[in-house]
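Using the sequences and the hints given, assemble the complete structure.
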Amino acid sequence: VEWLVDDMELLERPADSHDVAQQVGDADGVVYVPALLGLGTPKWDYGARGTLLGLTRGSERPHIVRAVLEGVAHRGADLVDAAEADTGLTIPSLRVDGGMSQNPTFIQALADATGKPVEVSPTVDATTLGAGFLAGVAGGVWPDLSTAARNWSPSRTVEPAADSDRDRWAEAVRRAERWIPDLSALDF
Numbered sequence: 001v002e003w004l005v006d007d008m009e010l011l012e013r014p015a016d017s018h019d020v021a022q023q024v025g026d027a028d029g030v031v032y033v034p035a036l037l038g039l040g041t042p043k044w045d046y047g048a049r050g051t052l053l054g055l056t057r058g059s060e061r062p063h064i065v066r067a068v069l070e071g072v073a074h075r076g077a078d079l080v081d082a083a084e085a086d087t088g089l090t091i092p093s094l095r096v097d098g099g100m101s102q103n104p105t106f107i108q109a110l111a112d113a114t115g116k117p118v119e120v121s122p123t124v125d126a127t128t129l130g131a132g133f134l135a136g137v138a139g140g141v142w143p144d145l146s147t148a149a150r151n152w153s154p155s156r157t158v159e160p161a162a163d164s165d166r167d168r169w170a171e172a173v174r175r176a177e178r179w180i181p182d183l184s185a186l187d188f
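In case it helps, the numbering used here puts the sequence shown at residues 1 to 188.
These aren't lab readings, by the way, just hints derived from the structure by calculation. Check the hints yourself; a few may be wrong.
Taking CB as the label site, the calculated pair distances span [as the list claims (entries may be wrong)]:
| # | residue 1 | residue 2 | range |
| --- | --- | --- | --- |
| 1 | L79 | R156 | 18 to 26 Å |
| 2 | E9 | R168 | 42 to 50 Å |
| 3 | D187 | G132 | 37 to 45 Å |
For glycine and all other residues, C-beta sits at the position ideal for the given N, C-alpha and C.
Structure representation (structure tokens):
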């Protein structure tokens, strides 16, 4: 989203992305793959590049902003899918914090892309909260982390509301991959 602010100058600040995206009901077929520095997990394609597909003469700033938020949400869904595939476990819901967790459009897109409820932390930076729970366990306030974690509750839970077009997303990622073949061939 910072790319929309710093480089594209489509927004004055990242927090504006919600209000701008809400000016339209959907991205109108515009799909964004956030691979400005390549694709990390699970693709590991350093030659992939960001793509903005589906633009028409009717595409406007709100469509692009919404597509960016949805693209970041789809990348999150890719990570959830990879974690489930690698572990054989089903992740029943997501817990999120950080700046993007304050963006209702993004959180709804994440719930839709993953098909899972998204629990938003009441603390924007939950790192300190986690450190406090660890200190409480170490200091004997709680016997274990499971007990400590019962003291956390989300500020809100967002349920999936719409089917996300994961097939269109997969096609967009396929087009973004191997854009720079020499970088795509790197294996670390």
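Verification of the supplied hints:
no.: 1; hint: L79 - R156: 18 to 26 Å; in the structure: holds (22 Å)
no.: 2; hint: E9 - R168: 42 to 50 Å; in the structure: violated (27 Å)
no.: 3; hint: D187 - G132: 37 to 45 Å; in the structure: holds (40 Å)
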